[in-house]
Amino acid sequence: MEVTNAPLSPESDPDLAVGLALVRKARRARLIETAKVGVVWLVLLALLTAGLLQLRFSPQYVFQHADFVLRGVGTTIGVSVVSILIASVLALFGALGRLSRNPIAQGISSFYISVIRGTPLLIQVYFIYLGLPQIGQQLKALGYPQLANVFTLTEIQSGILALSLNYGAYMTEIFRAGLQAVGHGQYEAAAALGMTRWQMLRRIILPQAIRVIIPDVGNQFIAMQKDSALVSLMGVWEITFRANRLARKDSRFIEMLLVAATLYWILTIVSSWLQSRLEKRMAHAYER
Amino acid sequence: MHTNGNPIVRVQNLHKWFGLLHVLRGISLEVYPQEVVVIIGRSGSGKSTFLRCLNLLEEPTSGRIEIDGIVVEAANGELLPESRARARDLRLKTGMVFQDFNVFPHKTTLENVIEAPIVVKGVPKEQAVEKARELLRKVGLLDKQDVHPIRLSGGQKQRIAIARALAMEPKVMLFDEPTSALDPELIGEVLAVMKDLALEGTTMIVVTHEMGFAHEVADRVIYMEGGVLVEEGPPDQIFTCPQDPRTRQFLARIIESGRLV
Ligand SMILES: Nc1ncnc2c1ncn2[C@@H]1O[C@H](COP(=O)(O)OP(=O)(O)OP(=O)(O)O)[C@@H](O)[C@H]1O
Ligand SMILES: [Mg+2]
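The listed protein sequences derive, respectively, from chains A and B. For the first sequence, our numbering begins at 1 and goes up steadily by one. For the second sequence, our numbering begins at 1 and goes up steadily by one.
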C-alpha cells in the first residue's frame, strides 16, 4: 500500500466524495424534519390564539399588565437558583449518609429522605409557612426568644427552605448514583496513596461524579422552576403570585394565567438550551 | 543474600476470610531492604488479596503486619484498636500499582503525580512539581506531562501510576499484575521501568505472570497456592529445580503454554 501525505480531497479520493455527499444529504433531511415540526408548533399556537380571541380574551389587558408579572421572573429564578444550590448540598450529604457505614449518618439521611418523599410538597410548604411560626411563638412563650427568632422566616426564606428540603431529598438518589458511577478502582487508588475519606471525596471522586450528576441536576432545576410556583402560597412575589393577584383583582384569569404560563415555558426552553450546551462542553472536559 | 540488615516487611501468620472462603491461610514472609520478591501462582490462589492486605485495602482477619516499624495486628476479623489508628501510617509506607492502572482521568499526567504529595503530605506545589517531573523523566513521560490519560496508551497510563506511587516515597512498592491488562507490545516498556527501579534498589513485591521478568529481576521467587506460600528461593532454583510437586506442576503447565522464557 502506498502512503501519501497529501491532504485528502474529494477529487483525489472517491470514497471521501461519496461520504461527504451522504453526510450532506442526511443533514438536509434532519433540517427538513425540524422545520416541519416547527410549522406544526406555529399552527397549534395560531389555533390556540384564535380560540382564545373568540372567548372575549383581551390581548390589550395582557400587554398592559404583562410587565407586572414579568417583574416576578427575577424572583422565580433567584429562588430556584438558591434552592437548587442548597438542595445539591443536602443531596450530597444525604448520599454520603446513605453510602456511609456510620449508623448515625445512615439513620439521619434515610429518615430525612423517607419523611420528605413520603409527604406532599404542598404540606411541606404549609408546614414551613404556617407551622414554623407557631413553633416560634411557643418557644417565645417558653422563654427562648433567640431560638424563636430562628423559626421566624421571611416569605422568601420560607420558600427557599421548602424547595431546598424537598428537592434535596429527591436529588439524593442522583448524587448517590453519581458517586457510585465512579469506578471502585478510583477509590482504591486514592486510598492506597494515603488519602483520607474526605480528601478522596473532594479531590478524586466528586470531580468525576459531577459529570454524571450535572445533567440530572439540570433537569431538577428545570422542574423546580415550575414547582417554585407553590411558594406563591407563602406570599413570595414571584411569577405566579403576581399573576394571581392581578387576575383576582380584575377577574382576568385566563389572561394572567397565560402570561405566567408563557413565562415559565420560556424559562424552561432557555434552561434546557443552556443545559444541553453545558452537557456538550462537559463531554469534552477531559480532553485537551 | 540478606545482607541488608533487618527485614523491612515482616508478615506473621496472616489469615483472610471472605465470608466462608478462607483465602489466606497463615502467610509469613520477610522482605529485606532493596529486595525484589516476585510472587507467582495460579488464578485465585490469593496473590492479590495478600498484596491488598499489606496496605490494608483488605483488612486481614488475623495476623500481624510490620512495615518499616509500623505494626498492624488483626484478630477475630478486626484490626486491634491501636492498630486501626496506625492504618494510614502503614499505607504511607507502601506504594501500590494496580492491574488496571486506576489513573485519575480528570487530572493531567503531572497532576496525577503531584496530587497525593500535595494533598496528603502537604508538600509545597513547586517542590512537588519538581519531584514529579524528575519521576516522569524516569518513566519516560515528561513530554506527556500536560496530557490527560484519555489520550495515552495503557503502557503510558501504567507508567503514570508507577510515578504517582513513587512520588509518595514509599518504603515498599507493591505491584499487582502490572502488565496483565496491557497489549503485548506495551508490556516491555512497563517492565523496563520496573527493572530500573529494581536496579536502583527499590524494595518491591511483584505479583506477575511474566516469568522472564521474574527470572531476570527477582532476588527471590515465591510460589503461592491455595492461600499459602508453597515454596520460595532464588529464581534459578525455583525455575530449574523446584522442590515441591505443586510448584513443578504449575511451572510445567507454564512451559507448555510457552510463557517461560
Ligand atoms: N472482595 C472479595 N470478596 C469475596 N471473595 C473474594 C474477594 N476478593 C477475592 N476473593 C476470592 O478470593 C480468592 C483469591 O482471590 P485473589 O484475587 O487474591 O486471587 P489471585 O491469586 O490474585 O488471582 P488472579 O491471578 O486471578 O488475580 C478467589 O477465590 C476470589 O474469588
Ligand atoms: Mg490477582
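Read the hints as simulated data drawn from the structure, not as lab findings. Ideal Cβ positions, reconstructed from N, Cα and C, are used throughout, including at glycine. It is possible that some hints are incorrect.
Unchecked claim - Now the stretches of chain A that chain B is said to cover, found in silico as 3 or more residues with beta-carbon under 8 Å:
{"#": "1", "segment": "199-211"}
{"#": "2", "segment": "248-256"}
To be verified - Here are the computed distance ranges between Cβ atoms for each label pair:
{"#": "3", "chain 1": "B", "residue 1": "180", "chain 2": "A", "residue 2": "278", "range": "53 to 59 Å"}
{"#": "4", "chain 1": "A", "residue 1": "120", "chain 2": "B", "residue 2": "26", "range": "55 to 61 Å"}
{"#": "5", "chain 1": "A", "residue 1": "111", "chain 2": "B", "residue 2": "26", "range": "41 to 47 Å"}
Consistency of the hints with the structure:
Against chain B, the segment 199-211 of chain A contributes 5 residues with a C-beta closer than 8 Å to a partner C-beta. That satisfies the three-residue criterion, and the hint holds. A count of 0 residues in the segment 248-256 of chain A with a Cβ less than 8 Å from any Cβ of chain B is obtained; the coverage claim is therefore unmet, three being the minimum. Between residue 180/B and residue 278/A the Cβ separation comes to about 39 Å, which falls outside the hinted range of 53 to 59 Å. Take residue 120/A and residue 26/B: their Cβ atoms lie about 60 Å apart, and the range 55 to 61 Å holds.
Separation of residue 111/A from residue 26/B is about 45 Å and conforms to the stated range, judged on CB atoms against 41 to 47 Å.
Of the hints listed earlier, those the structure fails to meet are numbers 2, 3, in rising order.
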